[in-house]
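Visitor: Residue strings, one per chain:
There are 4 protein chains.
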Amino acid sequence: MAIQKLAAEDLAAALSGLAGWTLDREGRSLHKVFKFRDFQEAFAFMARIALLAERKNHHPDWSNRYGTVDVTLSTHDAGGVTSLDIALATAMDEFAARLA
Amino acid sequence: MAIQKLAAEDLAAALSGLAGWTLDREGRSLHKVFKFRDFQEAFAFMARIALLAERKNHHPDWSNRYGTVDVTLSTHDAGGVTSLDIALATAMDEFAARLA
Amino acid sequence: MAIQKLAAEDLAAALSGLAGWTLDREGRSLHKVFKFRDFQEAFAFMARIALLAERKNHHPDWSNRYGTVDVTLSTHDAGGVTSLDIALATAMDEFAARLA
Amino acid sequence: MAIQKLAAEDLAAALSGLAGWTLDREGRSLHKVFKFRDFQEAFAFMARIALLAERKNHHPDWSNRYGTVDVTLSTHDAGGVTSLDIALATAMDEFAARLA
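Residue numbers (my numbering), protein chains in the order written: chain A, 4 to 103; chain B, 4 to 103; chain C, 4 to 103; chain D, 4 to 103.
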């Protein structure tokens, strides 16, 4: 069975455990802006998360401008936010906290 | 003296030597979408260009979604497109062509 | 069942399809030196292969000095060379050929 | 004037401020083994340092095996250890400490 998008209450519960992530208006994707001290740090963050994404075969949409990384997470096949997105968001937060 | 943005005719000449790059409406930035076969290739492209950007201390604004890398180049200090952007665009095209 | 190391004849057949890879004296690992034009290219190669390694959960032993990447492949759990190593060697050759 | 290798007393002073770095027998290079929790972390470390190396145009010799990164620093043109190596060693320690 394919992965299912989270029910509203499960999504709310997951979001309450994450800092700085917002849901888009239609509730289909998570968004956060990460700020790093410079490009080297921002790209090291991206390299670490790229490896994790490849391991999980679940990839972020992201943009980068110098020390800023703007992330959107969604599970295309499920048409919304799934446990894969919550896991990736959690890993991003954990790694970014160590870089800070 | 700080780097100057290219005069209109120089910018036009530079663009005529680049394939697939477009100028934004106000003529202040260059834009191109690169397509790669998968995330691994897209990120290898970004890693190579990140190193070049760091060497030159001139960085792209870019976003990535799986195999796609969407690039915007501009020189903030000059308020427009400079020879730094043309050089970065040229290097991106050269590397992307080899990956293709 | 865990992955098994290749039988001698299968390993010989696999090696005959690979250019520049040598077997260590005890037949337990594959080795090749890749030369790139500079550090940027060498590291882009490593980034691409790192992502593949993470996807496959099978990692190279490698060293890097400027444009050179020295690779050793072996499957620890099998005590020798397996189809995982042949697949990684093949992918490395394919990507390096495009960078050349 | 080209960069000069550090005098013995300056090298000793620099080393006393670095933890875990050893000098090779001939006093020409610095060496340290970094241990990370997994490959993803080790490669994120390498990506961050690769960008710094490219910015400074001074590159490490390093090898990687899963979560381990084994580093040797020397300045070829000077035939020994210079302030460039001390700066790179210091930056590696600082970043590795944050990842830990």
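Just so you know, the hints here were simulated from the structure itself, not pulled from any lab data.
It should be emphasised that the depicted structure is a prediction, and the values quoted were computed from it without experimental measurement.
One should not assume that every hint holds.
Because identical chains share one entry, a pair is satisfied inside a single copy or across any pair of copies.
[To be verified] Listed below are the simulated DSBU-like cross-link pairs for lysine-lysine, each with C-alpha atoms no more than 35 Å apart in a straight line:
1) Lys59 x Lys8
2) Lys38 x Lys59
3) Lys59 x Lys35
Visitor: Could you run down the list of hints and mark each one as holding or not?
Guide: Against the structure, the hints:
{"no.": "1", "hint": "Lys59 x Lys8", "result": "both (17 Å within a copy, 26 Å between copies)"}
{"no.": "2", "hint": "Lys38 x Lys59", "result": "both (24 Å within a copy, 22 Å between copies)"}
{"no.": "3", "hint": "Lys59 x Lys35", "result": "both (20 Å within a copy, 29 Å between copies)"}
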